[in-house]
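One line per chain: the protein sequences are R and B, in this order.
Counting from 1, position 174 in the first sequence corresponds to residue 173 in numbering that gives the first Met the number 0; the numbering is continuous, with no gaps.
Counting from 1, position 89 in the second sequence corresponds to residue 88 in numbering that gives the first Met the number 0; the numbering is continuous, with no gaps.
None of these hints come from the bench; they were simulated from the model.
Incorrect hints may have been included.
Cross-link-like lysine to any residue pairs, in silico, SDA-like; alpha carbons within 25 angstroms at most [claimed, not checked]:
| # | chain 1 | residue 1 | chain 2 | residue 2 |
| --- | --- | --- | --- | --- |
| 1 | B | K196 | R | T69 |
| 2 | B | K54 | R | W127 |
| 3 | B | K157 | R | K205 |
| 4 | R | K43 | B | P205 |
| 5 | R | K43 | B | H216 |
| 6 | B | K54 | R | T69 |
| 7 | R | K95 | B | K157 |
| 8 | R | K95 | B | Y197 |
| 9 | R | K205 | B | L190 |
| 10 | R | K96 | B | A309 |
| 11 | R | K72 | B | D201 |
Computed from a prediction, not measured in an experiment: that's the story for all the values here.
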Amino acid sequence: MAVRKPPITTREYWAPGHAACAGCGCATALRLATKAFSEAMEEKYGDPNAFAIAQATGCMEVVSAVFPYTAWKAPWVHVAFENAAAAASGVEAAWKKLGRKGKILAIGGDGGTADIGMQALSGMLERWHNVVYLMYDNEAYMNTGIQRSSSTPYGAWTTTSPPGKYSIGEDKPKKWVALIAAAHQVPYVATASIGNPFDFVKKMKKAAKVDGPAFVQVQCTCPTGWKSPLEKGVEIARLAIETGVWPLFEIENGDIWNIKIQAPGGGAKVKREGGRVVAIEFKKPIEEYLKLQGRFKHLFKQPEAIDVMREQIKAMWRTIGVEVTLPKPEE
Amino acid sequence: MPIRKVMKANEAAAWAAKLAKPKVIAAFPITPSTLVPEKISEFVADGELDAEFIKVESEHSAISACVGASAAGVRTFTATASQGLALMHEILFIAAGMRLPIVIAVGNRSLSAPINIWNDWQDTISERDTGWLQFYAENNQEALDLILIAYKVAENEKVLLPAMVGFDAFILTHTVEPVEIPDQELVDEFLGEYEPKYAYLDPARPITQGTLAFPAHYMEARYTVWEANENARKVIDEAFAEFEKKFGRKYQKIEEYRTEDAEIIFVTMGSLAGTVKEYVDHLREQGIKVGAAKMTVYRPFPIEEVRALAKKAKVLALLEKNVTFSVGGALFQDFSRALINESEKPKIVDFILGLGGRDVTFKDLDEALAIAQKALNGEAVDEVNWIGLRKEIL
Ligand SMILES: Cc1ncc(C[n+]2csc(CCOP(=O)(O)OP(=O)(O)O)c2C)c(N)n1
Ligand code: SF4
């Protein structure tokens with residue numbers, strides 16, 4: 000009898016027993032990312048284990064490496080909060096000198112990437128290290144107890160962007176690190192989501208296989224920080240894609256003019272010109288995404304704030320060359 | 000055959016790095032150390048040094064890359080000074096805590112504000128609690144030699160700690176002196192290939208490095224750094240002895256000069272030791288019983304050697320180019336610690352001088368001597384004295 004091949008390797012590098020919260024979408028992202036990496040290394044070098052990881056301080060670090068235990072079945076090093084990219088640069092240089100074949104995976108949260116680690120990331124990309132930088136974007140500093148980062152979306156509650164009489168919650172639009180990374184004209188940049196795991200795995204494999212630096216920004220849910228139901232992580236992430244909140248794209252060789260935008264699903268109508276996505280008419284209102292998360296609850300009392308959010312999302316899409324229509328919920 | 004070349008301490012440091020054959024170097028320019036990465040770039044460009052040179056975007060990334068590379072199991076090197084070292088501060092603790100034998104060459108420079116590029120020791124002194132070993136060079140030859148010795152000690156299995164070697168900004172970094180460049184074969188014999196015993200970021204034997212430790216384990220981790228520092232005392236002596244045998248130059252944690260029958264001993268570090276030795280000669284001609292002592296090793300603090308030194312004098316006059324607020328200088332605190340429980344001890348008088356590159360002249364030393372002599376005669380003196388202070392502009 001033919002045995003069906005599993006869709007992804009059964010090898011585990013991020014082992015069970017880590018201490019992430021139940022329902023943590025970032026833990027899922029790391030597990031998938033390392034599996035994808037392993038497959039890529041197997042295909043490229045014939046050795047599924049030909050990689051090492053350098054990771055920034057943050058939730059995913061503290062839950063996986065509590066002495067004397069470890070959740071890691073791959074060589075792994077943590078140095079500090081802001082320097083995963085720099086530490087990875089050093090590891091990569093050492094591997095080169097040791098004649099070791101393989102690729103280095105750097106991992107950082109949105110804080111360790113978009114804020115304090117931005118400089119080290121830019122340096123690593125610009126110096127062309129053979130490193131894939133994975134930014135797991137749970138849209139706030141979760142490890143220190145849910146403070147805003149520059150990757151926190153407009154309107155979100157965090158402990159340092161609390162809604163109040165004079166505050167809507169986070170009052171700045173989200174910073175899109177993938178576009179900043181692309182400006183370095185590196186071989187591969189992509190956004191991904193745990194709402195589309197197959198796509199995420201495909202992109203991680205692609206990133207792992209290019210020669211030179213690559214950057215992947217994956218949105219992953221955090222039930223603790225988003226105040227969302229534990230079991231709805233993937234559903235929420237998928238809604239982010241289907242409502243237009245989270246764009247999925249790839250940029251190769253820094254060619255921002257040739258950015259590859261993916262159709263979002265969820266009934267959205269995609270208009271192409273010469274194979275290129277130029278407009279998307281979304282069918283699901285962003286409210287469907289927002290309403291599943293306690294961090295946006297206060298916005299429903301101020302619908303004009305949600306309209307501001309819609310305008311910001313449109314502006315973000317316009318930056319990547321796409322005109323979008325975002326519906327309002329039916330009254 | 001060793002060759003002699005006239006060079007600046009920065010070049011001597013680059014030569015030391017070349018001889019030690021690090022596999023990864025990551026560095027960022029800062030006055031007065033800029034020439035170190037420049038010279039290393041030349042060595043790499045000419046194929047004289049087979050290393051990856053990561054031209055990082057900051058000192059923070061320089062040391063982070065060194066930590067990454069060292070965690071991957073290779074010998075690493077970097078150079079910096081002042082604000083650059085301060086920017087590394089956070090990662091210096093991490094390098095020591097992770098027991099990575101990285102070596103840094105530091106052109107000792109003052110810290111801002113006000114911005115000042117000249118010499119004092121505040122940069123390295125401010126890092127004395129990171130767990131790093133600290134050596135101070137008196138001249139360019141010592142800058143080269145101590146870097147080699149630093150590797151030897153740092154990579155010893157009983158130590159496994161990072162080390163910094165300081166040499167004074169401009170006084171040494173930019174001043175040429177004849178320096179003997181040892182034979183590569185001898186250096187290779189002295190240092191050997193760096194082959195870490197444990198698996199370092201090896202996919203065949205994956206390990207986790209840089210973990211989180213709960214209160215149940217953190218203290219023990221810190222204790223092992225303490226223990227490694229203690230172990231380093233003996234390892235340093237052994238390295239000095241082996242170095243002398245191989246290269247003919249003698250090093251001691253504390254080098255004494257004309258201390259026999261001295262009533263006052265001036266204690267200092269770095270290039271100032273040269274000035275002080277001359278000053279001692281000058282005083283001895285006048286029949287004044289003084290001696291000098293130079294601290295070559297500052298961390299681990301050579302407690303036993305300080306106690307032995309203290310037995311020889313009635314007054315220890317510490318000459319320091321750094322400030323530890325409320326205390327005086329850092330040496331004052333360290334010497335007090337070494338001597339506090341001794342039944343007989345000399346008076347210790349502290350002098351802060353030469354900050355931010357101010358020249359230390361015989362006139363300044365006369366000022367210090369006068370105070371030390373008062374102390375010798377049993378008169379009351381201030382414990383901490385700022386020498387050469389321009390009171391008229393205060
Ligand atoms: C220099 C420095 N500043 C602050 C911290 C405290 N800190 C540790 S993790 C963290 C937030 C991490 O946020 P993020 O990178 O988004 O990862 P997450 O915890 O969300 O997974 C902060 C502020 C630190 N470790 N180092
Ligand atoms: S706080 Fe959020 S990101 Fe952190 S472990 Fe919990 S669910 Fe995951």
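Handout entry: 25 angstroms Cα cutoff - pair K54(B), W127(R)
Key = Holds - the C-alpha atoms of W127(R) and K54(B) are around 11 angstroms apart, at most 25 angstroms.
Practice task
Starting from K95(R), check that the Cα of K157(B) is at most 25 angstroms away, please.
Solution key: violated, 28 angstroms
Problem - Pair hint outcome, K205(R) versus L190(B) [Cα-Cα no greater than 25 angstroms] - result: violated, 42 angstroms
Practice task
With a cut-off of 25 angstroms on the C-alpha distance, tell me whether K54(B) and T69(R) pass.
Solution key: violated, 33 angstroms
Exercise for the section: Mind checking the alpha carbons of K95(R) and Y197(B) for me, to see if they're no more than 25 angstroms apart? Expected result: holds, 19 angstroms
Problem - Distance restraint between K96(R) and A309(B), which requires alpha-carbon spacing of 25 angstroms or less - result: Violated, at about 49 angstroms.
Handout entry: Holds or violated: K196(B) to T69(R), with C-alpha atoms at most 25 angstroms apart
Key = holds, 21 angstroms
Handout entry: Pairwise hint evaluation, D201(B) against K72(R), where the allowed Cα distance is 25 angstroms at most
Key = Distance ~11 angstroms between K72(R) and D201(B) Cα, so the pair holds.
Problem - Restraint status (C-alpha distance of K43(R) to H216(B) at most 25 angstroms) - result: violated, 40 angstroms
Handout entry: Restraint status (C-alpha distance of K157(B) to K205(R) at most 25 angstroms)
Key = violated, 44 angstroms
Practice task
Measure nothing beyond the straight line between the CA atoms of K43(R) and P205(B); if it is 25 angstroms or shorter, mark the hint as holding.
Solution key: holds, 20 angstroms
Checked against the numbered hints given earlier, the structure breaks hints 3, 5, 6, 7, 9, 10 and satisfies all the rest.
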